[in-house]
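Could you build the full structure based on these sequences and the hints that come with them?
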Amino acid sequence: MDTRKRQLALQRAARATLPRHGLQMAAAQAVPAVQAPLPNPACVPGEGRSCRHALTDVALNAALYAYEQAVRGRFESIEDVLRTLSAWQHERDFVERAQALARQRLDFEWPLAALDSAWVAGVDMAALHAHAMFETIRRCVALAPQDGAPWRARLPVQVDTLRACGVHTLDVSPCADGRLQGLLPFVLRTVPADHVVVKAYAGALFDVELDVQEWTQRELERLTGLIEGGEGLDYLKVAIYHFSSSHPQHEGCAAHGSHDARAVAAAIERLHALRAAVDNTFGDGAAPLVMLIGVDTDLDAIRIHLPDPRGQLHADRFLDAATLYRETLGLDAASARRRLHDAVAAHVRELGGVLARTPGADGLARLAALWLEANLSQIEYVIEHHDGRYAVIGHDEHFVCVGDALPPLQLRNQYYHAHLDTVEEGTADLDVGVKIFTGLNLRRGLALPVLVHFTYSSRVPGARERAVARGQRVLEAIRTRYRHWDERGLLHGRVAVSDRHDRETVALVDEPVPAVGH
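So for the sequence shown, the working numbering puts the first residue at 1316; every next one is plus one.
By construction, these hints were calculated from the structure, which means they are not laboratory data. Among these hints, one or two may not hold up.
What the hints assert, rightly or not - Pairwise CB distance ranges, derived in the manner of DEER restraints:
id: 1; residue 1: E1546; residue 2: G1777; range: 31 to 37 Å
id: 2; residue 1: A1601; residue 2: S1772; range: 24 to 30 Å
id: 3; residue 1: R1774; residue 2: E1524; range: 20 to 26 Å
id: 4; residue 1: G1598; residue 2: D1657; range: 34 to 40 Å
id: 5; residue 1: R1418; residue 2: A1508; range: 34 to 40 Å
id: 6; residue 1: A1661; residue 2: S1772; range: 41 to 47 Å
Quick caveat: nothing in here was measured; it's all calculated off a predicted structure. Where is the CB? At the ideal position from N, CA and C, for every residue including glycine.
Here it is in structure tokens:
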């Protein structure tokens, strides 16, 4: 990026964090404001000084950008192909041309039944759109190992890194918003792995009871030695809220009505409830570690709320990556890193220390410093490749994923995720997703593609069959709940299952869904 373009990108990033005219938030609603990543006077172009932040991992940013372009391009090709088919559908050689175009652009073929009678009734574009979406998911899953190879090992926060910070399991509950789908490799630069669990909920309102069960399972594995070296390590639960610095009242968290203060308060309440639930059940001191992170989805800049020694989180006390970026831009790498660590140490002192199982342990503070430094590279990524602020600051997802997340797809705005086991318990999350897609797809006559995905353990006899049956029941229940769209042929669903021991990953189930109750 040339110097002039970069300065414009920095200014764009700065404007993204300032309230637009007429959109200033009331004090009671606003998350405390901080200064944006503005150009630093120490960084003067043309004097032999680079304006890129010294702590940027340039090679990792390049690898992630190549990944973004490859995956996004596969999904974005779908509408281009459908527009071309729409113009061709009454041609005599339509079937042959349509199949050739699909093979060339999308790497699959259309079902013949969907094309044969196009000259009479026209092509069912919603059905083709849904078919293309599921086939593209299948393709992305198949290519995920090679797509991720250039960046996975280079991510600064690996499983060993977490263990060095005293964490054996990282359980992350972001908001289900698609803008957080690239959270691990992009925003936090953290490797997706077996002991890094992601469960998204609308508004980050995770299920406390379910989390107590999962903490119990992991604790049992730790105590029985199934987690190698688990002695002295802890379970860390992180809730992730989000906000939009440029459109705070319109592009914040939909589940909280774009009311940022409510989003923060609700996430803190859930984290405190989880700790209380574990302590009340298993005795004082048993509760897991907790942390709260905010993401400005305009810029991908993070805010980290560390827990004080009593495990309490505070809405107005956090470390802000955008501020640290601005304060350290233009410094050499050693000086910038020292300034960052000094900021973390000062924050810890203000809190009176940080929650730890062992008095004096600083694992959470060290992890916070790692994530803040890693996020500086992501801020640079958005400046370099997205002109300082994402062009689409709202929703632009391609499909809805219900059940368990899709580890092979780690990219912003690829899908809306509703974590659930039954439709009844996930009604709020599903309704938010359908509302989003009403604007993105349904009003344009395109399908609402719903992938119901559940994981199972191949070590448990019959687990796969039960996962498939559960997925089929959930999909049928979704069709019943949104019958209006289903009867119009605009709701298209598939079931997929994954083995948590890697024997199969997001395997689409081809058998028809039985008409059973849920």
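How the hints compare with the structure:
1. E1546 - G1777: 31 to 37 Å: At 34 Å between Cβs, range holds.
2. A1601 - S1772: 24 to 30 Å: holds, 26 Å
3. R1774 - E1524: 20 to 26 Å: For R1774 and E1524 the Cβ distance comes to about 25 Å; the hint holds.
4. G1598 - D1657: 34 to 40 Å: holds, 37 Å
5. R1418 - A1508: 34 to 40 Å: For R1418 and A1508 the Cβ distance comes to about 35 Å; the hint holds.
6. A1661 - S1772: 41 to 47 Å: Distance hint for A1661, S1772 holds at roughly 45 Å.
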